[in-house]
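Chains as they are written, first to last, in my numbering: chain A, 6 to 120; chain B, 99 to 212.
Simulated from the structure, these hints should not be mistaken for lab results. Certain hints may be false.
Derived DSBU-like pairs (lysine-lysine); straight-line CA-CA distance at most 35 Å [claimed, not checked]:
1. A:Lys-10 with B:Lys-111
2. B:Lys-111 with A:Lys-117
3. A:Lys-76 with A:Lys-10
4. A:Lys-42 with A:Lys-76
Computed footprint of chain B on chain A; a stretch qualifies when at least three of its residues, placed anywhere within it, have a C-beta under 8 Å from a C-beta of chain B [claimed, not checked]:
5. 43-49
6. 107-115
As the structure is a prediction and not an experimental result, all values here were calculated from the model. All C-beta atoms, glycine included, are put in the ideal place defined by N, C-alpha and C.
Given next are the chains, with one letter for each unit.
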Amino acid sequence: DQQVKQNSPSLSVQEGRISILNCDYTNSMFDYFLWYKKYPAEGPTFLISISSIKDKNEDGRFTVFLNKSAKHLSLHIVPSQPGDSAVYFCAATTQLTSGTYKYIFGTGTRLKVLA
Amino acid sequence: KAGVTQTPRYLIKTRGQQVTLSCSPISGHRSVSWYQQTPGQGLQFLFEYFSETQRNKGNFPGRFSGRQFSNSRSEMNVSTLELGDSALYLCASSPRAGFNYGYTFGSGTRLTVV
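Chain B on its own, in the form it takes in the complex (with noise of 0.2 Å):
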């Protein structure tokens, strides 16, 4: 079955602006976690959706915020960007919300802020 779909692969944005990332889940899998990976910092837990609503969120500003539509798919957005943006950015997806065990991930995506 077809994995854990990010798209762009890659973005390259200025400072100032904003961007939307999309995600779709593994068909069945309901809830759809974001986070943010940099170098020294690991992953970092952005926030968690399960059917439509924000069910976890993590210590991010408020320029980062995401939504779910009834499909289980998910964007991202983050405004004004600021050069410290610029990270991967991985969308996991698991069948029910606060899953313990092993979440599936998509590939990223780049996102580059000039």
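Same shape as in the complex, but just chain A (with noise of 0.2 Å):
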């Protein structure tokens, strides 16, 4: 069961134009949600986050926006640069009963910035 889905594998913007990606959720109790960029042989790096009392975050060019009636999560760059070119992972954060968080990952989307 992906609970964290995003159904684009890829996407190519024009360098200066907006990206959009885009990560939808089936658990409403996620607590917590998270967008990583990933390039070719390094690990992910953490980009930005969003709590679920929140429905915008902004860091620079980078807006991650919260549609929690929709269950629906969207990053926003503007504008778009070459070096954005890479696999972006939304993850959702859900608390256990233990007390502790657990990280789900979506499958990613290819971003490819055109020069």
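Make one complex out of these two single chains by using the hints.
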């Protein structure tokens, strides 16, 4: 059961335009949502996060939007740069009965920013 | 400060063999988590260790095991390797167990089973 889904395996965007990466989830109990960026031959790098009590978080060119009613998360990159070309993973955390948290990752979207 | 270090970077094994992967977390980080990444499956959680104890476990068979040492370094072992175990194995560290925020990942160990 894939609780966090990224339905677009790839996305191409022109340099300078907006990139919008989408993520859907099924569990309404998720506490935190995060985005990671991954370059080939490197581990994922944490990018930005948002608490489930908020609907927007902004950090420079990156903005994450959360629509709880639609169980939908999106990452906006404006303006897109060639260096943003990478695989983007969304992730969600859920609290376990033990009081700890468990991460669940999506399958990733490969973004290609064209110069 | 040094990041998360995983060794070796690449590994080729044959079916039926066993393999041990190593992870050194960021200094001061006491929690280490392991993930398997395969095409189309994303990152799948294997297990998390904190203070030498396994705190969380993913949905993987018992052939996958791990341990953590007193210096927080962790090892992951896969026995009786199968072709489907070929993947990138990532280790992530965090200051405490069950971390809710951004993990720091290593570059991974690419395991190929032939």
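ask   = Does Lys-76 (chain A) pair with Lys-10 (chain A) here, judged by a C-alpha cut-off of 35 Å?
value = The given pair, whose Cα atoms are some 11 Å apart, holds under the 35 Å limit.
message = Can you confirm whether the C-alpha distance between Lys-111 (chain B) and Lys-117 (chain A) stays at or below 35 Å?
response = Roughly 33 Å separates the two Cα atoms, so the pair holds.
key: Given coverage of the segment 43-49 of chain A by chain B, tested with a Cβ cutoff of 8 Å and a minimum of 3 residues   = holds (count 4)
task = Please count how many residues of the segment 107-115 of chain A have a CB within 8 Å of a CB from chain B and say whether that reaches 3.
result = holds (count 7)
message = Hint check: Lys-42 (chain A) vs Lys-76 (chain A), CA-CA at most 35 Å. Holds or violated?
response = holds, 21 Å
35 Å limit on alpha-carbon distance, applied to hinted pair Lys-10 (chain A) and Lys-111 (chain B) = This hinted pair holds, its Cα atoms lying about 32 Å apart.
Of the numbered hints given earlier, the model fails none.
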